[in-house]
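Student: Residues per chain are reported as follows:
2 protein chains.
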Amino acid sequence: MSTDHWYSSKLRDIPHPECIHLLQSQQVGRIAFEDDSGPDVLPINYAMDGEDILISTSAYGVVARAATNSRVAFEVDSLDDYTESGWSVVVRGRATHESPLIPPSGEHPHPWADGTRSYHLRIVADVVRGRRLIPA
Amino acid sequence: MSTDHWYSSKLRDIPHPECIHLLQSQQVGRIAFEDDSGPDVLPINYAMDGEDILISTSAYGVVARAATNSRVAFEVDSLDDYTESGWSVVVRGRATHESPLIPPSGEHPHPWADGTRSYHLRIVADVVRGRRLIPA
Chain A
163 MSTDHWYSSK LRDIPHPECI HLLQSQQVGR IAFEDDSGPD VLPINYAMDG EDILISTSAY
223 GVVARAATNS RVAFEVDSLD DYTESGWSVV VRGRATHESP LIPPSGEHPH PWADGTRSYH
283 LRIVADVVRG RRLIPA
Chain B
163 MSTDHWYSSK LRDIPHPECI HLLQSQQVGR IAFEDDSGPD VLPINYAMDG EDILISTSAY
223 GVVARAATNS RVAFEVDSLD DYTESGWSVV VRGRATHESP LIPPSGEHPH PWADGTRSYH
283 LRIVADVVRG RRLIPA
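Here the protein sequences line up with chains A and B, keeping their order.
Be aware that the first sequence starts at 163, since it is given in the numbering used here, and climbs by one per residue.
Be aware that the second sequence starts at 163, since it is given in the numbering used here, and climbs by one per residue.
Keep in mind that the hints were calculated from the coordinates and are not lab data.
Since this is a predicted model, take the numbers as computed values, not measurements.
Note that CB positions come from ideal geometry on N, CA and C, so glycine has one too.
Hints are supplied without guarantee of correctness; some may be wrong.
Unchecked claim - Heads up, incomplete: computed chain B residues facing chain A, CB under 7 Å, no partners named:
hint, residue
1, Ser171
2, Asp175
3, Val190
4, Asp198
5, Gly200
6, Asn231
7, Val234
8, Ala275
9, Tyr281
The task is simple: from the sequences and hints, build the whole structure.
Tutor: So this is what it looks like as structure tokens:
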């Protein structure tokens, strides 16, 4: 074992039910979308409604403009620098405007940042994939 | 103050030199790119070479295929669920194949995951933006 790789890690796929459970465990993810300048990505609070992702943003912001009725990717993770391990779950799907936000179940997103975030998007996943980095 | 917003946070822009410093402080970011199915995003180890981002990946993987000679976005953050605050830095730019990887300065990426990751990409930023969420 070289000192370069004290914790050389192994990748394992995460089964779908555990991916959903992990998505439910977090408050912030990163949404990737495309605008006229190419891919962009930013952190955002979210809530789960079943297997859908709900986000609340400004009606006049970049996410509302670029993600509505478009394909997006959404990522959550938990990573540990010390053991060089962790997990990530990535959802790919389509974002649609949801008005009003009345999820039949689940909770509303709770944006950490101040400001009016009354524009709601629902991401319906067609791909959910999870990877776990296990210390060797 | 409602119990919904114990730590209602304020957004502040981070000056460019501090963005670079924060990029230098982390080991993992998330790269957003586009393939035939739309935007995708995944966590990846990186190193900084000046203000450029260096990543090492598999020559046969999705990142090499979709990101080479394409526009990408790259995000790092540090977020605290308890205080509902933190920071993020996002770089947007173009990724090009770098062979061999001989950065004139900086360090090589150290991928946590096992496996051959001998395909190196350099992301040259044309946009760097940072936001800090400050507890109110």
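Student: A separate judgement is required for each hint: does it hold in the structure or not?
Tutor: Do the hints match the structure? See the list:
Given hint, B/Ser171 at the interface with chain A, holds; its Cβ is 5 Å from that chain's nearest Cβ, closer than 7 Å. Against a cut-off of 7 Å between C-beta atoms, the interface hint on B/Asp175 is violated, since the closest Cβ of chain A lies about 13 Å away. At a threshold of 7 Å, the smallest CB-CB gap from B/Val190 to chain A is about 5 Å, leaving the interface hint in force. A cut of 7 Å between beta carbons decides the hint on B/Asp198: the least distance to chain A is about 11 Å, and the hint is violated.
Hint on B/Gly200 holds. Least Cβ distance to chain A is approximately 3 Å, under the 7 Å limit. Interface restraint check for B/Asn231: the shortest CB-CB distance to chain A comes to about 12 Å, outside 7 Å, so the restraint is violated. Checking B/Val234 against chain A by beta carbon gives a least distance of about 6 Å; that is within 7 Å, so the hint holds. Below 7 Å, beta-carbon pairs count as interface contacts, and B/Ala275 has one with chain A at about 5 Å; its hint therefore holds.
About 17 Å separates the beta-carbon of B/Tyr281 from the nearest beta-carbon of chain A, more than 7 Å, and the hint is not met.
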